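Each chain is listed here by its residues.
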Amino acid sequence: MLTAEENKRITRVGPGTPGGEYLRRFWWPACLSSELPENDGAPLRVRLLGEDLVAFRDTQGKVGLVDAYCPHRRAPLFFGRNEECGLRCVYHGWKFDRNGTCVDMPSEPAGTTLQAKVKLNAYPVVENGGLVWAYMGPKEEQPPEPNYEWLRAPPDKRHVSKTFENCNWLQGLEGGLDTAHSSFAHNNHLEDMSVLRQRDKSPRIDVERTDYGYTYVSRRDMGEEGTYVRAYQYLMPSQQMRANTIGWFGGRNVIPRLDGHIWVPIDDTKTFVYNWFCVYDQTIDLPPEWIEKRQAEMGRGSQDMIPGTFRLKRNQSNDYLIDRQVQKTQTFTGITGINTQDFALQEGMGPICDRSKEFLGTSDKAVVAMRRLLLEAIDTVQKGGRPRGTDPESYRLVRPHDRIVPPGQDWRPIFEKELVARW
Amino acid sequence: MLTAEENKRITRVGPGTPGGEYLRRFWWPACLSSELPENDGAPLRVRLLGEDLVAFRDTQGKVGLVDAYCPHRRAPLFFGRNEECGLRCVYHGWKFDRNGTCVDMPSEPAGTTLQAKVKLNAYPVVENGGLVWAYMGPKEEQPPEPNYEWLRAPPDKRHVSKTFENCNWLQGLEGGLDTAHSSFAHNNHLEDMSVLRQRDKSPRIDVERTDYGYTYVSRRDMGEEGTYVRAYQYLMPSQQMRANTIGWFGGRNVIPRLDGHIWVPIDDTKTFVYNWFCVYDQTIDLPPEWIEKRQAEMGRGSQDMIPGTFRLKRNQSNDYLIDRQVQKTQTFTGITGINTQDFALQEGMGPICDRSKEFLGTSDKAVVAMRRLLLEAIDTVQKGGRPRGTDPESYRLVRPHDRIVPPGQDWRPIFEKELVARW
Amino acid sequence: MLTAEENKRITRVGPGTPGGEYLRRFWWPACLSSELPENDGAPLRVRLLGEDLVAFRDTQGKVGLVDAYCPHRRAPLFFGRNEECGLRCVYHGWKFDRNGTCVDMPSEPAGTTLQAKVKLNAYPVVENGGLVWAYMGPKEEQPPEPNYEWLRAPPDKRHVSKTFENCNWLQGLEGGLDTAHSSFAHNNHLEDMSVLRQRDKSPRIDVERTDYGYTYVSRRDMGEEGTYVRAYQYLMPSQQMRANTIGWFGGRNVIPRLDGHIWVPIDDTKTFVYNWFCVYDQTIDLPPEWIEKRQAEMGRGSQDMIPGTFRLKRNQSNDYLIDRQVQKTQTFTGITGINTQDFALQEGMGPICDRSKEFLGTSDKAVVAMRRLLLEAIDTVQKGGRPRGTDPESYRLVRPHDRIVPPGQDWRPIFEKELVARW
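Protein chains in written order, with our numbering: chain A, 1278 to 1700; chain B, 1278 to 1700; chain C, 1278 to 1700.
The set of hints was computed from the structure by calculation and includes no laboratory data.
Some hints here could point you the wrong way.
[As the list claims (entries may be wrong)] DMTMM-like, lysine to aspartate or glutamate: derived pairs with alpha carbons at most 20 Å apart:
(1) K1439/A / E1566/A
(2) K1394/B / E1635/A
(3) K1642/C / E1653/C
(4) K1605/C / D1335/A
(5) K1478/B / E1501/B
(6) K1605/B / E1298/C
(7) K1394/C / E1635/B
(8) K1478/C / D1381/A
(9) K1634/B / D1329/C
(10) K1396/A / E1417/A
(11) K1339/C / E1404/C
(12) K1478/B / D1381/C
(13) K1694/B / E1501/B
(14) K1605/B / E1361/C
(15) K1396/B / E1360/B
(16) K1660/C / E1417/C
(17) K1605/C / E1315/A
(18) K1605/B / E1315/C
(19) K1694/A / D1558/A
(20) K1605/A / D1381/B
(21) K1605/B / D1381/C
(22) K1478/B / E1360/C
(23) K1605/B / D1335/C
(24) K1605/A / D1335/B
(25) K1605/C / D1374/A
(26) K1396/B / E1417/B
(27) K1634/C / E1283/C
(28) K1605/A / D1317/B
(29) K1634/B / D1344/C
(30) K1590/B / E1624/B
(31) K1396/B / D1558/A
(32) K1694/C / E1417/C
(33) K1605/A / E1360/B
Note that the coordinates shown come from a computational prediction; the quantities given were computed from them, not determined experimentally.
Chain A with its partners taken away, still in its complex shape (with noise of 0.2 Å):
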């Protein structure tokens, strides 16, 4: 559990509270690269870590991330027009660049002094693995652009989608750090206890800090065949890697991959969630039907959205459509859909979970080495520091694994090889 205090502490994100300026020393997912799909295209609303900005893409392909209001008057920029390298306020004409540079002031007289002095805020992009990425910290703390692994995968070895979720970021963050509730929250095979992680519940966890945040072990007793070790990857403030090489059910209909979640603050209540997968390495082809058939699975295939949103069909409004029969007699939740089955759990916790009402358990180690770490790094950056994770040398060459080790085997050996990156 944490103190009332430590709980507003690591989930407030607004600019100026502890989090926020921890948060805002990395480069963070602004929007997909798709939604802004032309040169000189419509401006795009964004939302991030509780600040209102409009995005754009100028007309040399470029993406300008300014603030959502004029700098004259406050009129919306989004209804702004988007044309020559720039975007023009139509309240009265006002164009700035996507630096936030005024380049042009036709309400007022030739000559004036004004435009030099006007600035409209303007945040750092990067455009990289079909996101754009965005750094809204101090420019002289700024990291070099983010270079996780998956960043460097061909876009035919990779996808990337997101979700909306409607609760604080740490929810979504700590359901993903947290192997014990796949057992039973995904577990959607009552009977079938040939599914790997229905054969040991309570699995021994390790967690070893490093650079970028921690390596994450879990092991399950198998019996005869071994023990099925996973190793996650949790890379500070918010992102997590998992290993799916063989998965849940034993290598069965999967194809070898490495998936992920950054848990991206809209604002201190609402998250967008970007969930990105690419395969294991080049000798594995990723066929398009595929992705929609793992989509779906997850709960948002193209049939599971509210069409033009990033919201589910099964959501807080409707119960997530829980089916009590099939709960009875099916699947642990009776709630279709393994990530609508986070959403549901996560989001039922309330906007910002109250985390001095805890009781954690041996299980919660990685929730509260991740909690640790979060609170360090804050307690840094209001020291003036520079926390743990910002450096990409950090984090580069990381990635997670996860294999069936035969009995008597030591798995340390055989991940180490492993955790290294192919791409």
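Chains B and C: place on chain A using the hints.
Positioned in the frame of chain A, the structure of chains B and C alone reads:
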């Protein structure tokens, strides 16, 4: 009128508030028994006195009423599995029985000492009269089970229903205790002067304090016929009993019976009204079709409700479908349904009525007396005492009555023997 | 820009706020006369300057504007019976005339002294120009009835309508006083350089203070044709008058007339805009079909409104149906309807614009002058003085004008005689 401070004290119901602490000394209806129709069925969300709870009927048919969130990591127990005499959280499989004892903790290693330490908050529950009653106060102050007369009537002579009201509970209670308004708000036959309440619109009122609250007598002059006398009962904190042995129509089409309401605070600004009635004595039948007719007359017949809810179709969002032409020519309000008329007026006062701006008359005697009793009782509890009306012996034999008393006769000796329970 | 404190002072309208006390020194439109179409008809909910009121037209056709709640027990008077020169509460039948005097109290015994003591708060009301005007300030400061020129024009030469705007009133007023934006936001013919405002987008602006507010003159260079001069009027606190004797199109298809708006605060974050126009003088007809055409051009024609409301179909919830292709090729905003364009920009600033983050230019001269006048007037009232513009003599003869002034001529003597009322 009340001071702003008194108004706050008397209306707020949450844990830790003076009013809330007082109200927690009584048993409250948590839901209808019929909302939990089967053993091991779906859990039910309950919000009561500002607390979020979950009710479930276990394998033995006993009802549990517990916190809405698992004490482990605050996952919502509404999505839980109701199985083998307990509710199992679907996040990590922790299971609790209806007393809140943790009976299984599969995510922790066998032999964990954690299981004995964890407790889910659970409230004592009894089922009686088609209702699930809960006690949410201090253990040492728990009164014996509720024992109102109507709870002792056999099920086929009795009926209970429930309706949602979108305002603070006290506005509902005040309407119930206010006999004067029925000559106006419920005047549904503008021209029919044979209706008793039409013939004298400013009744004489007497309020007599009792151990459970008060008896309240209104007398209306019926001319040569005598005096129409109604004796109500107010059972603290929130129940009213009134008789319909003769009714406003002088006995026409009336099945002699006792009626009542309990106004149950969902939270500070929302209320469930539980509506009950039972026939006068064993000699009287209760035709099932009469029940629907009676409910429709009150505005809560099966055709009046939004299906699957306890909400009226005629509500704030559509101005209760007021018909101004009907209001001009047929009924005083132009609104159909006796309780719908009450809701229009009570909800129309706003979420919590501002009683610091009132101007009370002699017709408000009962309302004033009730407020004084409540404020005194809140003080009593604040000072560590036991408030009036918790002991069932104080109200066990209480019933209301109404009758036309012939000219020249004293109503008191007539009523004395009629105000004693027959069930 | 304003300080955060000034911004609060100038935008808040509720009773007891400095801005609210100032605004209460003026007559305000409470509703259209047509919203109370018949004597003894249904009461109308009115929210004005943050106060909840009810308007009703009594048996004699006079309008009452009273508190929304009965002073007895705070029942909503909206459900009241409007009968025989008074509004009767349907809770206990208390009846009040349009002055707030209690004229009947049937729930109390005959001869009660209570009736004389109870008073329903009622505001003075006058009807003029198709509007119901109310005065909500201190009795001793009540000014004579409003007497704008357009109120004296005959009904068939005049038109009044009303539209809902979802933001603070000052955002609306600022848009009205800001001539520069019309060259941009209202540029609906991107390629047509014959439109006057297209030919000079940074007009010279002069603001001259008057007893009622200011006269505001913009001059645009029309080359060989001379100078396009527009003289607006700002009548404190919230009315603007502008001329369309020639219009942006140089007289093409224009019926010479005067136009205006009054931005009426519903509360701090909602506004009703009253839109009026009247023809220039007695020689000009007003074809009824022209009115609908004109309203449609502004975006508030009968097809543009949500039936039964004063709300636009093109609104915040659908991004005003902006068409980005039209924005690229035909109009500056891609939004249809001149006032719809204003609403998109003004509502898009948020409920209350944060003026502490502005960066003003020379084109904002009129806006700056208006704010200064308002802040001074608020101070005046706070210090016990009488603010500018309450006396109808100060504005009775005021009208606006626009014209192209030939090269070399001084606009002042030409305008002098044109800025005097003809009605």
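Here is what the structure says about each hint:
1. This hinted pair checks out: K1439/A and E1566/A have alpha carbons roughly 18 Å apart, not beyond 20 Å.
2. Our distance criterion of 20 Å between C-alpha atoms is met by K1394/B and E1635/A, whose separation comes to about 12 Å.
3. Among the hinted pairs, K1642/C with E1653/C is consistent with the structure: their alpha-carbon atoms are about 17 Å apart, no more than 20 Å.
4. For the proposed pair K1605/C and D1335/A, the alpha carbon gap of about 14 Å is at most 20 Å, so the pair holds.
5. The straight-line distance between the Cα atoms of K1478/B and E1501/B is roughly 17 Å, inside the 20 Å bound, and the hint therefore holds.
6. For the suggested pair K1605/B and E1298/C, the alpha carbons sit about 39 Å apart, so the restraint of at most 20 Å is broken.
7. Of the pairs offered as hints, the one joining K1394/C and E1635/B holds, with about 12 Å between alpha carbons and a cut-off of 20 Å not exceeded.
8. As the CA atoms of K1478/C and D1381/A are separated by approximately 13 Å, the hinted pair is consistent with the 20 Å bound.
9. For the suggested pair K1634/B and D1329/C, the alpha carbons sit about 14 Å apart, so the restraint of at most 20 Å is met.
10. Distance restraint check for K1396/A and E1417/A: the Cα-Cα separation of roughly 19 Å lies within the 20 Å cut-off, and the hinted pair is therefore satisfied.
11. Taken as a hint, the K1339/C and E1404/C pair is honoured in the structure, with Cα atoms around 9 Å apart against an allowance of 20 Å.
12. Our distance criterion of 20 Å between C-alpha atoms is met by K1478/B and D1381/C, whose separation comes to about 13 Å.
13. Distance restraint check for K1694/B and E1501/B: the Cα-Cα separation of roughly 25 Å exceeds the 20 Å cut-off, and the hinted pair is therefore not satisfied.
14. Distance hint between K1605/B and E1361/C is fulfilled; the C-alpha atoms sit about 11 Å from each other, no more than 20 Å.
15. This hinted pair checks out: K1396/B and E1360/B have alpha carbons roughly 18 Å apart, not beyond 20 Å.
16. For the suggested pair K1660/C and E1417/C, the alpha carbons sit about 16 Å apart, so the restraint of at most 20 Å is met.
17. For the proposed pair K1605/C and E1315/A, the alpha carbon gap of about 14 Å is at most 20 Å, so the pair holds.
18. Proposed proximity of K1605/B and E1315/C is supported: the alpha carbons are some 14 Å apart, at most 20 Å.
19. The straight-line distance between the Cα atoms of K1694/A and D1558/A is roughly 14 Å, inside the 20 Å bound, and the hint therefore holds.
20. Note on K1605/A and D1381/B: the hinted pairing holds, with a Cα-Cα distance of about 18 Å set against a maximum of 20 Å.
21. In summary, the hint linking K1605/B to D1381/C is supported, as the alpha carbons are separated by about 18 Å, within the 20 Å threshold.
22. A distance of roughly 19 Å separates the Cα atoms of K1478/B and E1360/C; the hinted pair therefore holds under the 20 Å criterion.
23. Between K1605/B and D1335/C the CA atoms are separated by roughly 14 Å; this keeps the pair inside 20 Å, and the hint holds.
24. Our distance criterion of 20 Å between C-alpha atoms is met by K1605/A and D1335/B, whose separation comes to about 14 Å.
25. Among the hinted pairs, K1605/C with D1374/A is consistent with the structure: their alpha-carbon atoms are about 18 Å apart, no more than 20 Å.
26. Annotation: proposed proximity of K1396/B to E1417/B holds, straight-line Cα distance about 19 Å (limit 20 Å).
27. With a CA separation close to 13 Å, the supplied pair K1634/C and E1283/C stays within the 20 Å bound.
28. At most 20 Å may separate the alpha-carbon atoms for a hinted pair to count; K1605/A and D1317/B meet this at roughly 10 Å.
29. Taking the CA atoms of K1634/B and D1344/C, the gap is near 12 Å; set against the 20 Å cutoff, the hint holds.
30. At most 20 Å may separate the alpha-carbon atoms for a hinted pair to count; K1590/B and E1624/B meet this at roughly 14 Å.
31. With a C-alpha separation of about 48 Å, the suggested pairing of K1396/B with D1558/A is violated against the 20 Å cut-off.
32. This hinted pair does not check out: K1694/C and E1417/C have alpha carbons roughly 36 Å apart, beyond 20 Å.
33. Taking the CA atoms of K1605/A and E1360/B, the gap is near 8 Å; set against the 20 Å cutoff, the hint holds.
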